[in-house]
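With mature numbering (1 follows the signal peptide of the UniProt record, and there is no 0) applied, the sequence shown corresponds to residues -18 to -1, 1 to 595, in that order.
These aren't lab readings, by the way, just hints derived from the structure by calculation.
The beta carbon of each residue, even a glycine, is placed where N, CA and C say it ideally should be.
A couple of the hints might just be wrong.
Heads up, simulated DSSO-like pairs for lysine-lysine below, C-alpha to C-alpha not over 30 Å straight-line [to be verified]:
1. K197 / K226
2. K216 / K279
3. K37 / K88
Pair ranges (Cβ atoms, derived) [as the list claims (entries may be wrong)]:
4. L390 / V173: 24 to 34 Å
5. T48 / V595: 35 to 45 Å
6. N382 / P261: 55 to 65 Å
7. N548 / S26: 42 to 52 Å
8. Q179 / E248: 22 to 32 Å
9. K440 / V173: 54 to 64 Å
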Amino acid sequence: MWLIPILLVVFSTDLVIGKEIQHGDYLLDIEDDILRSIVATAASKHLDLATLKLKKVEENVFDNLTSIKSLDLHNNNLEDLPASLFSKLTELETLSLADNKIYQLKENTFQGLNKLRSLNISNNSLRHLESGVLHGLTQSVDIIIEGKKLFTISTRAFINPDNQRSLTDISEPPRRIELPEEPIATEIPEVLDPNLQAKICTINDGTVTSVEELKKDEPLGNCTTVIINYEERKLILSGLGLKKFQKGWYKLSAFPIAAIDLGSNEITVVTSELLNELPKGLTTVSLMKNKIEVIRKNIIENEHLQTLIIVHNLISTIEEGALEKTKLTNLAASGNRLKSLCFAKTLPSTLEVLTANENEIEEVPEESLKNLPNLLYINLSKNNVTELPAKAFRGLKKANTIDLSSNLLSQIHPGTFEDQEKLVTIYLNENRIIEINKGSFRGLKIVKSIYLDNNKIKKISKDSLSDLKEKLGYFLYLNDNDIDIIEEGSFANVAVLNLYLQGNKISSIPAGAFNSPMLTNLHLGNNLFTTIDGDSFAGLPHLINLYLNENRITSIKKGAAKNLGNLQELDISNNPLECLENSALYGLGKENGFISIVNSPIKVIQGGVFTDV
């Protein structure tokens, strides 16, 4: 039997001619994965360049193919495109650039493509569609962006960049901000001799007998060297197991020590021996993390002491009168077991800062703070306060910050802050407030920030915020409540600059609910909106940023942006929105604005999304 050899020939659509490739109806010149030229070998309206591993396409490669109607470049390795690459393809109707590595588009990349109906840029490395990059595309084009990789779209993406530059050229130059000069120091602070060494001497029961200078070559005996922070002029006696102090124990009066750290010891009682004989220049004493249970009256007499730190002890009582013979400016008593603020009645009038957070305080007695005219800051957060009497803060003429966060408050009585004309910041967040009573903020003149977030507020009534009309601007935090109703006119003429309403249950807003001419930033993320109603944002001429992220928005109809002419940022990220239709964002401010669509399943952006179609 004769065996006849069989030659198996595999045919390909690509025929290599020298370095050129016959690819369908076109002869391609590809070298090092760069497409250098194309020659049509037959009449064809479709050019398929998909899956050729192209890294680059030369600028004029399509100049002789003016009649093609579709161009497929998907599934290559393209990272960048020449600005005028497609400028001669005036008959092109379909262009796919999907599944490449394109990280940016240049201005005017698609200029001249007036007949384009579909542009697919899905699954690239694009994060932003910048200003001018879609110029030349008409309202008839669908821009396909599947893949959830695109973050933002400039509101000027379709605008001629040359027009944008001309606008920039005639804009008003930025004004120079004059900053005040640094004040000239009038006093030269004392300097602690870096050669100073000190020792502490104790007896077996933890009683301090002396803290004194350790001279050069002097034997320590039963004493221990002391750490000194020379820059802060601080004597560090922490963590030494100290319990008591003998009379006259401090023997460093000749040196300018400004502070003593006695933290993390075994001190159970504050005695006259401990504090009363300290020198004039020693103004700060820290007793934090000891085992003190009570601060007794008629014990402490030290008019030089300015800062007393007794945080994280076991203190359940500060007796009335315990600190009245001092001139404290700062009392830090957080992290104890205090149940009442009655001790504040006899605190020195010099006090400027009072921190009593993280205690067990249940009440702020009426007028308990009235003798503190110089108090600037009071922190009562993380306590168990259930109610504030109307005169709780009477007398605090200079207070600029009151922190009542993380308590058990259910309401704020009208007039509670009426006496605080200098109040700038109020923390009422993380309480159990159900509603905002009319008059809750009556009398406030210069308040800047009000924190009401993380409460149980269900409704914003028309009169809830009627006291906030001073033209100074506010940061109003109402986020993370249970708000589902905002009455018409609730924010009318409220002088709020930044309004935080995210994390509520709002599904719609009545027309004119805001009508706040000063509002610039409106946060409505993480609510229950399913669409955007343009009438909801009437009366907001200065709104710059609108956040509607993390809602349930499935469609945006024409007119949604009719009252947003000055908007610079619209955040609609994390919504189940699949298409930005023609006219959906008509009326949106186009000067330096952008749309955030992070993690949204938007598949198509129509070319007339910003125009009146």
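Going through the hints against the structure:
1. K197 / K226: Since the Cα atoms of K197 and K226 sit roughly 25 Å apart, the hinted pair holds (cutoff 30 Å).
2. K216 / K279: At roughly 28 Å apart (the allowed maximum being 30 Å), K279 and K216 satisfy the hint.
3. K37 / K88: Given that 30 Å is the threshold and the Cα spacing comes to 17 Å, the pair holds.
4. L390 / V173: 24 to 34 Å: 49 Å, violated
5. T48 / V595: 35 to 45 Å: Hint violated: Cβ distance 28 Å, outside 35 to 45 Å.
6. N382 / P261: 55 to 65 Å: 32 Å, violated
7. N548 / S26: 42 to 52 Å: 49 Å, holds
8. Q179 / E248: 22 to 32 Å: 25 Å, holds
9. K440 / V173: 54 to 64 Å: 60 Å, holds
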